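Make a model of the complete structure from these sequences and hints.
Chains as they are written, first to last, in full-length UniProt numbering: chain A, 1 to 352; chain B, 1 to 359.
Simulated from the structure, these hints should not be mistaken for laboratory data. Errors might be hidden in some of the hints.
[What the hints assert, rightly or not] Residues from chain A that face chain B, not an exhaustive set, calculated with beta carbons under 8 Å: (1) V132; (2) L282; (3) F287; (4) G292; (5) V296; (6) S299; (7) M300; (8) Q308.
These numbers were taken from a predicted model, which means no experiment stands behind them. The beta carbon of each residue, even a glycine, is placed where N, CA and C say it ideally should be.
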Amino acid sequence: MTGLPEVHPNKAFGWAAIDTSGVLSPFKFSTRGTGEKDVAFKVLYCGICHSDLHMIKNDWGTSIYPLVPGHEVVGEVTEVGSKVQKFKVGDRVGVGCMVGSCHSCDNCTNNLENYCPKMIFTYGAKYYDGTVTYGGCSNTMVVDEHFVVGIPENLPLDAAAPLLCAGITVYSPLRFYGLDKPGLHVGVVGLGGLGHLAVKFAKAMGTKVTVISTSPSKQKEALENLGADSFLVSRVQDQLRAAIGTFDGIVTVSAQHPLLPLLGLLKSHGKLVVLGVPEKPLELPAFPLIQGRKLVGGSMIGGMKETQEMIDFAAEHGIKADTEVIAMDYVNAAMDRLLKGDVKYRFVIDTH
Amino acid sequence: MSKSAEGEKQQKAFGWAATDESGTLSPFHFSRRENGDEDVTLKILYCGVCHSDLHNLTNEWGFTSYPVVPGHEIVGVATKVGKNVTKFKAGDQVGVGVMVGSCKTCECCQQDLENYCSQMIFTYNSHNPDGTKNYGGYSDMIVVDQRYVLRFPDNLPLDAGAPLLCAGITVYSPMKYYGMTEAGKHLGVAGLGGLGHVAVKIAKAFGLKVTVISSSPQKESEAINRLGADSFLASSDPAKMKSAIGSMDYIIDTVSAVHPLFPLLSLLKVNGKLVTLGLPNKPLELPVFPLVSGRKLVGGSDFGGMKETQEMLDFCAKHNIAADIELIRIDEINTAMERLARSDVRYRFVIDVADSLSQ
Numbered sequence: 001m002t003g004l005p006e007v008h009p010n011k012a013f014g015w016a017a018i019d020t021s022g023v024l025s026p027f028k029f030s031t032r033g034t035g036e037k038d039v040a041f042k043v044l045y046c047g048i049c050h051s052d053l054h055m056i057k058n059d060w061g062t063s064i065y066p067l068v069p070g071h072e073v074v075g076e077v078t079e080v081g082s083k084v085q086k087f088k089v090g091d092r093v094g095v096g097c098m099v100g101s102c103h104s105c106d107n108c109t110n111n112l113e114n115y116c117p118k119m120i121f122t123y124g125a126k127y128y129d130g131t132v133t134y135g136g137c138s139n140t141m142v143v144d145e146h147f148v149v150g151i152p153e154n155l156p157l158d159a160a161a162p163l164l165c166a167g168i169t170v171y172s173p174l175r176f177y178g179l180d181k182p183g184l185h186v187g188v189v190g191l192g193g194l195g196h197l198a199v200k201f202a203k204a205m206g207t208k209v210t211v212i213s214t215s216p217s218k219q220k221e222a223l224e225n226l227g228a229d230s231f232l233v234s235r236v237q238d239q240l241r242a243a244i245g246t247f248d249g250i251v252t253v254s255a256q257h258p259l260l261p262l263l264g265l266l267k268s269h270g271k272l273v274v275l276g277v278p279e280k281p282l283e284l285p286a287f288p289l290i291q292g293r294k295l296v297g298g299s300m301i302g303g304m305k306e307t308q309e310m311i312d313f314a315a316e317h318g319i320k321a322d323t324e325v326i327a328m329d330y331v332n333a334a335m336d337r338l339l340k341g342d343v344k345y346r347f348v349i350d351t352h
Numbered sequence: 001m002s003k004s005a006e007g008e009k010q011q012k013a014f015g016w017a018a019t020d021e022s023g024t025l026s027p028f029h030f031s032r033r034e035n036g037d038e039d040v041t042l043k044i045l046y047c048g049v050c051h052s053d054l055h056n057l058t059n060e061w062g063f064t065s066y067p068v069v070p071g072h073e074i075v076g077v078a079t080k081v082g083k084n085v086t087k088f089k090a091g092d093q094v095g096v097g098v099m100v101g102s103c104k105t106c107e108c109c110q111q112d113l114e115n116y117c118s119q120m121i122f123t124y125n126s127h128n129p130d131g132t133k134n135y136g137g138y139s140d141m142i143v144v145d146q147r148y149v150l151r152f153p154d155n156l157p158l159d160a161g162a163p164l165l166c167a168g169i170t171v172y173s174p175m176k177y178y179g180m181t182e183a184g185k186h187l188g189v190a191g192l193g194g195l196g197h198v199a200v201k202i203a204k205a206f207g208l209k210v211t212v213i214s215s216s217p218q219k220e221s222e223a224i225n226r227l228g229a230d231s232f233l234a235s236s237d238p239a240k241m242k243s244a245i246g247s248m249d250y251i252i253d254t255v256s257a258v259h260p261l262f263p264l265l266s267l268l269k270v271n272g273k274l275v276t277l278g279l280p281n282k283p284l285e286l287p288v289f290p291l292v293s294g295r296k297l298v299g300g301s302d303f304g305g306m307k308e309t310q311e312m313l314d315f316c317a318k319h320n321i322a323a324d325i326e327l328i329r330i331d332e333i334n335t336a337m338e339r340l341a342r343s344d345v346r347y348r349f350v351i352d353v354a355d356s357l358s359q
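See below:
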């Protein structure tokens with residue numbers, strides 16, 4: 001087992017990647033003492049996000065090894081600092097993609113900590129005290145209260161975990177780009193961790209949802225299990241043609257999908273929301289954008305206020321992720337399967 | 001001189017047309033419909049030269065139907081109005097912009113967004129439902145349905161006001177739609193040509209801080225001293241571009257050629273909006289990471305509906321906004337087009353039709 005000198009007072013245990021192979025293995029480290037604004041909790045479940053896959057292999061060039069991934073973390077509070085007001089021991093809590101921000105910039109004051117230039121990621125980043133942050137593939141975490149959300153009783157913890165990244169990542173743009181009004185027609189491109197939750201949230205908001213996919217094999221799932229209203233195979237020209245100009249908005253998670261057909265599917269004033277970042281720039285044809293006053297916009301997770309709002313909305317509407325719960329020692333096999341898209345629709349590690 | 005073959009139309013008209021992809025214009029006789037019950041007939045006084053005219057003349061977009069008489073920044077005097085016309089009378093100063101028809105019944109038309117109607121009819125290089133062809137404002141007169149005619153404000157100069165009918169509305173409309181009119185916010189205007197220079201003037205009237213972003217450093221003095229921009233950013237200077245990263249709330253991108261969006265997106269703050277107005281014949285490259293990491297958006301906009309175009313004209317009249325023009329004779333049009341292709345104009349050519357168009 002690898003381990004680090006203990007810079008913090010509390011022993012912790014998790015699984016970490018130690019190099020760009022991305023293979024995870026048992027790892028001993030330490031967590032800080034519970035500061036006056038901190039919430040310490042026992043980690044019960046942690047969702048595996050596609051970003052974890054990128055980070056363990058250093059695809060983005062920013063990884064700090066050893067790297068303990070995991071930013072869809074849920075657990076039970078074990079200790080709270082003296083100034084903590086929102087949580088008490090025993091509470092069910094969650095932590096998403098960030099554990100710190102500057103608290104003073106325009107973004108932070110507008111509940112948009114996720115866009116703060118000094119935002120601190122839950123793992124693989126430098127905390128205020130200079131130490132490295134470790135994520136939820138572990139048994140315990142200590143997080144500033146501001147970056148902790150409460151999980152209502154009626155949301156099962158394992159199915160709630162993926163909401164902390166995947167959930168907020170689709171919820172936030174549905175609200176921001178106004179694709180949350182009953183009666184609107186929303187398309188979802190890409191049926192994976194994010195996509196399947198996009199369908200559920202969009203349905204709960206009262207929109208009509210069409211899943212747009214390159215593969216007809218997902219049709220039954222999309223309609224019967226996820227509750228989509230219709231399914232469009234984007235490779236079938238007749239289907240594509242019949243759907244031209246019928247969508248108010250399309251949310252795409254697919255990292256490399258030509259924009260032109262998607263823009264064509266939009267009504268005038270339609271909005272294309274991109275959530276996946278491809279390696280190369282996409283081609284943006286100006287004519288459809290201009291002739292229909294359409295837009296292409298992005299979004300990245302969400303601020304803490306909105307994340308709590310999303311969790312509460314999910315609890316109210318019974319929205320849960322579709323998960324495959326695994327033991328921690330299955331994590332490497334899970335990462336291999338995730339790379340091939342072989343999961344319906346999120347792996348969640350049972351860390352206890 | 002070439003003649004039109006449409007003998008079935010009922011009144012003679014005269015203008016200048018291009019007959020092939022060379023785009024060279026020459027005198028051209030054609031005809032227009034007689035003034036109908038809904039129509040207003042204009043004697044054309046001035047017509048602005050828009051970059052779209054150049055794109056159409058040389059068939060750059062691939063859908064030009066020759067012969068083509070361009071011109072969609074038309075200012076004139078009403079000479080005749082149909083019996084159902086209530087808004088105008090003979091003698092009124094009027095304008096016609098980018099469109100002359102739409103279905104009038106769809107959701108877009110009902111919401112004063114005729115410009116987005118799927119059956120919208122362009123002022124030129126278009127066909128009407130009855131199959132007849134439309135010719136633009138490089139001509140002596142035009143007959144237009146009253147719905148698509150604008151009232152030209154008294155205190156706007158006729159010649160310098162003509163470009164507002166396309167350039168003006170093309171920048172005004174997205175500023176309103178995308179919420180780019182909050183006083184004190186910082187707007188970047190990329191490209192200082194026909195659209196760009198009008199965007200600077202309108203933005204200043206909204207109380208915005210304006211930075212002109214241009215690849216021509218020699219335009220700096222003009223931008224600030226003549227047009228009233230607050231600052232100038234030379235896009236070819238990497239150090240200056242770097243120091244301006246994340247400084248703008250919005251950008252209006254008027255550049256008509258293919259150009260990289262990444263440097264412009266970098267200039268935007270989080271939640272920043274970039275509106276792209278140029279229509280190159282190849283796609284732009286869209287880097288997705290800045291959109292995702294900063295919740296930024298890239299949107300388009302296409303001139304404006306009739307109600308908003310009138311609103312824009314009245315706004316410009318109130319704030320004394322007109323284009324900076326170079327008045328030309330019709331027989332100088334081919335030279336003007338060559339200069340326009342090189343962006344050698346400050347900032348719009350306007351044809352003095354009344355004084356120079358003679359058969």
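Hint by hint, here is what the structure shows:
| no. | hint | in the structure |
| --- | --- | --- |
| 1 | V132 | violated, 22 Å |
| 2 | L282 | holds, 5 Å |
| 3 | F287 | holds, 6 Å |
| 4 | G292 | holds, 7 Å |
| 5 | V296 | holds, 5 Å |
| 6 | S299 | holds, 5 Å |
| 7 | M300 | holds, 5 Å |
| 8 | Q308 | violated, 19 Å |
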